[in-house]
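Be aware that the sequence shown starts at 0, since it is given in numbering that gives the first Met the number 0, and climbs by one per residue.
It should be emphasised that the hints constitute simulated quantities derived from the structure, not laboratory data.
Each residue gets a CB set at the ideal place from its N, CA and C atoms; glycine is no exception.
There may be inaccurate statements among the hints.
[What the hints assert, rightly or not] Pairwise CB distance ranges, derived in the manner of DEER restraints:
1. 640 to 744: 49 to 57 Å
2. 180 to 350: 37 to 45 Å
3. 240 to 655: 32 to 40 Å
[What the hints assert, rightly or not] Here are the simulated BS3-like pairs of lysine-lysine, each with C-alpha atoms no more than 30 Å apart in a straight line:
4. 408 to 219
5. 664 to 347
6. 723 to 664
7. 334 to 460
8. 749 to 770
9. 253 to 408
10. 347 to 220
11. 386 to 473
12. 386 to 220
13. 253 to 386
14. 749 to 723
15. 219 to 770
16. 219 to 186
17. 696 to 186
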Amino acid sequence: MIRIFSLNSAAVLALATAMMSAPAMAQDTTPVQNADGTITTSQDIVVLGSIGYRNRSEDQAEPVLSYDSEFFQRFEPLTAGDALKRVPSVTFLSDVIESDGARLRGLPPGYTQILINGERVPGNNDDRSFFLDRIPAELIDRVEIVRSSSARRTGDAVAGTINIELRDAFELDGGYIRAGALRYDDKELEPSLGLVYGGAVGPGRLLVGLNFQGRHNPKKKFSLRYGDSPENDPDFATEEFDNREDQIDTRDGKDYSANASYEIDGDSTDFRISGFYVRTDRTETERSREYDDPTAFTGPLPDGALVSDNSNINNIDQENYSLDARLSHQWSLGKTTLRVGYARFDDKQRESENQIDFDVDYDDGEVPVFEQVFTATDIADKEFTTKLDHEFELGNDIQLVVGGLYQKKTRNTAIFDIDDEIEFPGLDGTYDQFIDNPDDLLDPFDLTDLEPTDGGVNRLKERRLDGFALVQGKSGGLTWEAGIRYETTKLDISDFTEAAIVPNQSNDYEEWLPSASIKFDLTARDRITASVARTNRRPDFNFVSPALLEEEVGDSDLLGNPQLGPETAWGVDLGYERRIGRTGVVGINAFYRDVSNLIELTNTGEEGSEGEGTFVYQPQNVGDGKVWGVEFDLSTDLGFLGLPDTGIFGNVSWLDSEITDFAGKRRFNGQSEYVYNIGFIQDIPSIGVAFGATHRKQGAAYDRVISEEVRTTYGADLEIFVEKRFGSNFTIRAVGSNLLNGAKRETFNKFDNLEDQLDRDFDEYELESEKAGPVFQLMARYAF
0 MIRIFSLNSA AVLALATAMM SAPAMAQDTT PVQNADGTIT TSQDIVVLGS IGYRNRSEDQ
60 AEPVLSYDSE FFQRFEPLTA GDALKRVPSV TFLSDVIESD GARLRGLPPG YTQILINGER
120 VPGNNDDRSF FLDRIPAELI DRVEIVRSSS ARRTGDAVAG TINIELRDAF ELDGGYIRAG
180 ALRYDDKELE PSLGLVYGGA VGPGRLLVGL NFQGRHNPKK KFSLRYGDSP ENDPDFATEE
240 FDNREDQIDT RDGKDYSANA SYEIDGDSTD FRISGFYVRT DRTETERSRE YDDPTAFTGP
300 LPDGALVSDN SNINNIDQEN YSLDARLSHQ WSLGKTTLRV GYARFDDKQR ESENQIDFDV
360 DYDDGEVPVF EQVFTATDIA DKEFTTKLDH EFELGNDIQL VVGGLYQKKT RNTAIFDIDD
420 EIEFPGLDGT YDQFIDNPDD LLDPFDLTDL EPTDGGVNRL KERRLDGFAL VQGKSGGLTW
480 EAGIRYETTK LDISDFTEAA IVPNQSNDYE EWLPSASIKF DLTARDRITA SVARTNRRPD
540 FNFVSPALLE EEVGDSDLLG NPQLGPETAW GVDLGYERRI GRTGVVGINA FYRDVSNLIE
600 LTNTGEEGSE GEGTFVYQPQ NVGDGKVWGV EFDLSTDLGF LGLPDTGIFG NVSWLDSEIT
660 DFAGKRRFNG QSEYVYNIGF IQDIPSIGVA FGATHRKQGA AYDRVISEEV RTTYGADLEI
720 FVEKRFGSNF TIRAVGSNLL NGAKRETFNK FDNLEDQLDR DFDEYELESE KAGPVFQLMA
780 RYAF
């Protein structure tokens, strides 16, 4: 696959060279990225000349919110996910002080299309989503929130699209270094280093960026569990105490990243080749102890109270990279653009779980049991993409754009495990022979004995061939676009485990996706936007696997369905925005999505592996749902009040939805009721100082699947920064985040099967709280 891309890249480069030799190719490399024809200098990035605000999109008819890196930089976000916490309608259900799976409009991550430089990138998640904490914020030039869809892009954007544009060769002249450290609540220090350089090289411009980031997240979890509830008790909460769990969860790692781009812009021909690489080395360490008393001594050896002691260590090694070449040429029949790309995500995890169980009846001769499990997970997801489009001028500032896409995706999954258990007849309940950690009892496995998990070894091949056509134009204050996209998909999936019912299966489906958008300037300051589009969401990888997984749905089984089709949605967005002063924008937007062919678990009627009362469930396209909400955002300085060096920003989104599942009506799983951000920045130019704060809060989210229900709430998040500038080349910034020590709290209702769930006959009720303390960082940037 890589060899194929290399040949195509070489061909593209050769074609570019040939075109550059033609008389039409200009050799002037003067950058024209900024509106005034100049380029951003490294000093402009290191020493911000003004407060960053949300931009107003001028070129596209679609409703797009654009945020340059200056909007985020002063709060020193570590990742793209951290940066997105400040834009409208983006929520997360991550662990505290982490931001991975972005949920635009509050919908699950699989409903949001994530693009890097306008192109999709693969991830390791079953729902096809990409974790945004894999992209360091230092690589970002701007973030675009595309609220509706266009025929020119793939239609996998039911909730919308998040496009992350990395810095390119025409974004920077000069270089800068970034160095600093982060201090966590457990007094751990982690380094942060970066280097970026851009300048003229030969006939074009080159940009190179390097980044190293220490990552650390020390969390503490506390759970109370109750069981054996009376039947028909919908308010079961604190009866029949079962156990308490205390857990220390520490995630420690290092991120290494690089990006580069080389661009040649001429009068008629433009060429660009770019790429990025991110590697994550991470260790997740959990130590959990369960007690049979809600207030028992929490030391390592509490006589008579310790139920179990568990150690879980997961070593994660992930590599993510993308290469992209683009060539465009303006000629007598219009503008032709060819794009060739290759992207790959490799995920290697090695997880060990060791537990000693003291919950035995010593009087009856039972003895503690030590269990150990080792799991090896390898996922390789790679995509090769070719895109070609051509733009015709039809006159009167109207263009016709036609094009197509070919994409070949291959995803290989291999999950193996091995387990063992031994008894300890010498232990009598006083634990005096147990040292202090289950890992001390580990008997190393012979890894040649690893066996595949059910459904855990499979290969998925997906080939897409899309075509599109759209017409766009401008007339006075009106910008408009209307088009249609035809997407075809061919899926082949093979399961190599004994759990496969039919090991090799195929599926084909196609969708017509029309779209239209308008943007109309009522005045020089007032604008309305409107759009309608049909989008889709492809099935999760784990749902199309042809394997039968025992006890995957409570005590019942799950049978995959390779014949699943995509979910589809008709969406409408209607917005109004107004310019305020020189730089400010205030806007309000209402949206609605009508979702069809929702994928829901259905009962096949077959008895499950656990016998009477259990069943085999299979996902089918049987549901429908609706999503709606209102989004408000404000970003402006207070120059109209005589305070030009004071910037304020804020946004609030009210989110709602309705879906009918096996138990009645509910919201889409995991959709928060609201999310808001408010903040300010005060600049004091006379002494080169700035400071500011931002406050964020998202509402409760509810999930309901067969055999489990979860309600999740988060505390508020407060961040503060103070900045000192020295001349035009040097800046020091101190930032404190999670200053309110916000907690994540979850309430779990657990059931053995669907019948018990409908009868409210609980198997277990759990209250869990997770906390991580404040994080402080000190960062310095120097331009050269």
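Comparing the hints with the structure gives:
{"no.": "1", "hint": "640 to 744: 49 to 57 Å", "verdict": "40 Å, violated"}
{"no.": "2", "hint": "180 to 350: 37 to 45 Å", "verdict": "30 Å, violated"}
{"no.": "3", "hint": "240 to 655: 32 to 40 Å", "verdict": "36 Å, holds"}
{"no.": "4", "hint": "408 to 219", "verdict": "39 Å, violated"}
{"no.": "5", "hint": "664 to 347", "verdict": "39 Å, violated"}
{"no.": "6", "hint": "723 to 664", "verdict": "53 Å, violated"}
{"no.": "7", "hint": "334 to 460", "verdict": "33 Å, violated"}
{"no.": "8", "hint": "749 to 770", "verdict": "23 Å, holds"}
{"no.": "9", "hint": "253 to 408", "verdict": "29 Å, holds"}
{"no.": "10", "hint": "347 to 220", "verdict": "26 Å, holds"}
{"no.": "11", "hint": "386 to 473", "verdict": "26 Å, holds"}
{"no.": "12", "hint": "386 to 220", "verdict": "48 Å, violated"}
{"no.": "13", "hint": "253 to 386", "verdict": "35 Å, violated"}
{"no.": "14", "hint": "749 to 723", "verdict": "52 Å, violated"}
{"no.": "15", "hint": "219 to 770", "verdict": "5 Å, holds"}
{"no.": "16", "hint": "219 to 186", "verdict": "15 Å, holds"}
{"no.": "17", "hint": "696 to 186", "verdict": "26 Å, holds"}
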